[in-house]
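Q: Residue-level listing of the chains:
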Amino acid sequence: MVSVIRNGRIIDPANSRDEIADLYFDQEQILNSEAAAKLSIDRTIDASGLIVCPGLIDLNAKIGELNSKGHLTIFSEHRAALNGGITTVCIQPNTVPVIDEPSMAHMIRESVKQQESIRIVPLGALTMGLQGESLTNMASLKNAGCVGVSNARVPIHSTLLMRRAMQYAATFDLTVFIHSQDPWLTGNGCVHEGEMSTRLGLSAIPEAAETVAVARDLALVSTTGVRAHFNQLSCARSVDMIAESKARGLNISADVAIHNLHLTEFDIQGFNTLCHVMPPLRQESDMIGLREGVNNGTIQVICSDHQPCSKDDKLAPFIQTVPGISGFETLLPLTLKLVDDAGLSLQQAIACLTCNPARTLSLNLGTLSVGAPADICIFDPEKSWEFDPDEMLSNGKNNPFGGMQMRGKVAHTIIGGVVATDSN
Amino acid sequence: MMSEDIQIGADGRLNHFISLEELPRELIEELLTTAESFIDFATRDTKKVPLLRGKTVVNLFFEPSTRTRTTFEIAAKRLSADVITMQSDGMSTTKGETILDTVSTLQAMHTDTFVVRHSFSGAANLIARHVPQHVHIINAGDGRYSHPTQALLDMLTIRQQKPNFNDLTVVIVGDVLHSRVARSEISALKKLGAGEIRIVSPRTLIPTGLEALGVRIFTDLDEGLKDADVIVMLRLQLERMEGQLIPSEREYYRCYGLTEERLKNAKPDVMVMHPGPINRGLEIASSVADGSHSVILSQVSNGVAVRMAVMSKIMGGIRQSG
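Going line by line, the protein sequences match chains E and W.
Sequential numbering from 1 applies to the first sequence in this note's numbering.
Sequential numbering from 425 applies to the second sequence in this note's numbering.
Since the hints were made in silico from the structure, they are not lab data.
No experiment lies behind these values; they were computed from the predicted model shown.
Even for Gly, the Cβ is constructed at its ideal location relative to N, Cα and C.
Heads up, a few of these hints could be off.
Here are the in silico distance ranges between beta carbons for each label pair [claimed, not checked]:
| hint | chain 1 | residue 1 | chain 2 | residue 2 | range |
| --- | --- | --- | --- | --- | --- |
| 1 | W | Thr509 | E | Ser158 | 49 to 55 Å |
| 2 | W | Asp651 | E | Ser158 | 32 to 38 Å |
| 3 | W | Asp469 | E | Asn188 | 48 to 54 Å |
| 4 | W | Thr509 | E | Asn188 | 29 to 35 Å |
| 5 | W | Leu721 | E | Asn188 | 36 to 42 Å |
| 6 | W | Glu666 | E | Arg17 | 52 to 58 Å |
| 7 | E | Asn188 | W | Ile430 | 42 to 48 Å |
| 8 | W | Thr683 | E | Lys246 | 31 to 37 Å |
| 9 | E | Lys246 | W | Thr628 | 46 to 52 Å |
| 10 | W | Gly638 | E | Asn188 | 25 to 31 Å |
| 11 | E | Pro97 | W | Pro448 | 54 to 60 Å |
These stretches of chain W come out as covered by chain E in the derived footprint (C-beta under 8 Å, 3 or more residues) [what the hints assert, rightly or not]:
| hint | segment |
| --- | --- |
| 12 | 452-459 |
| 13 | 557-569 |
Chain E side only, calculated, beta carbon under 10 Å to chain W, not exhaustive [as the list claims (entries may be wrong)]:
| hint | residue |
| --- | --- |
| 14 | Gly187 |
| 15 | Gly194 |
| 16 | Ser197 |
| 17 | Thr273 |
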């Protein structure tokens, strides 16, 4: 079965391609246009006025809980991801149970195979049970399909163990994914330490909770030579430190959650628990520094940090609420907003959601090259719409951008050659 | 949007009393004037007025309190309202939904006003957002955020002796980090146009970004007390401290305890206040707490008047019930 997307503006940053053309694919992969044009076409999608880009890859989503049937909760969020143009999601090992044994990685792979689903890419745990006490069998985790290792958001207290974990991961050419956070400075804080934490009397997380840990982890990366990716930076100073280390030749990359590029500590005004996130929303200067980091390539990846919460999860005094934003369905329009508001080029915006995360995960995805899996996102860049969280397909309606005027809406998401959504 | 103020209704009336930050100066002054008129009341033979006859007030204390709880109870009774007080400890460990569940259960019994104290910042705000329009919330202290009636009664106490706020130098000494009183006090003093607000404390007990609230920060007590008109001593909240914030009580008292000797830095007619309960010999010497400059007991009796003023403003008069 051969399909064609006609007259779309094809943006494929991996190949520096930006042109109006037809794109052919079959049930598996992208086809060579010249050869495919001679085949009989089974399906035509008109993409006049629309942008055709690789399916989005989300580097950070917390959706991994197993139900009694051994299915990840990701499957209930599958439609939400597709609605957001997302075809691949990387999950951290802080699933229940934790991905610290090859059997867990196998189980995830098998259950994904059995269902109609987006692609799920698991990271293995860096330490058993994420306890920070003993190393996991990383070589076996890699064999079982883990594309990297991480201790999720659980800080590893022991610097010695962190160093050994990096050395061991480097032995097997595994990328280490790090959420740098100093456990003592973080304490039980729930918001950025600054004017708002003082006004509202909320326990605070200082900037140093991140920068101290980033400095430690960078020092360890430089002495172990491991390939490292820093997850979800929240401070401008961290961006500077990463940039400086990259300039010195360290093999590192970084990402940021889309909400940290749009919101600041002042958005928690009135105890808005929808803006309770980890790491916390920081100052405007941090938001600007993070945006610059994306623009200048210090930060290569923008993620959703999708965390669907129930109404009750957010209905309590601020510190008792569950942090997180249901972000799959606003990842693309909020990233496009940076093109309008923050001087990011459209090519680069799309790269941050496609080929860059693919490179971070060492995956042959995030491109429209001939022979690549046919994961495609088609969106209308001009469609203006008012965002209503209640209209999201996600189980969690926790998203603070309600009422915002968005530009850019997904029209079709194609995964492995199958047209998964028709949300005209 | 969350930032809109929930305290003042569409009709311009005061629906809830959560924090002073968003309230207009005129309203704060009106409440103080009303409170003054209630002060004389306490000395009469018949201490009751029928302003709130038929109204039901529930004191909901999720955190222990003696002084605030009893003054609210007395205030409601003097206004002829029916009062029920519920105090429950250990609520901090239960889930947040419990607060709203508790409130909706009691509200089903046609409560008009809840006076709420809770150990988490934002609790009163949360409840106010989820009660029906005709139910009112008065904040009796939430976490480190706000304690607006305490700030009002302190303003009343100051105004009785020193009515011109513009000329005043007010010094707040001690554990600002854990203090909802300090936050509300700063808001109130700003609103009333206080000449200068100073904070004196070791750096470990000063929250970051406090300067943004419009205060001057001192770490030396003698320097901070220079020519002060009013001194507000805060209680050292040892029970709320996570980890070590001061090396020892002895050193704290030596550096930040208010003694007669140190009081000499202030103006001769300085007023010394304390929201209570007092840690004698820790933040304040007994001779100062009980001395001629101390207005600590007036604060307590003004507490009843101020709470009467707030309750009558919120529940009194003609209004449509929902």
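Q: When the structure is checked against the list of hints, which entries are broken? Sort them ascending.
A: Numbers 2, 7, 8, 9 and 12, in rising order.
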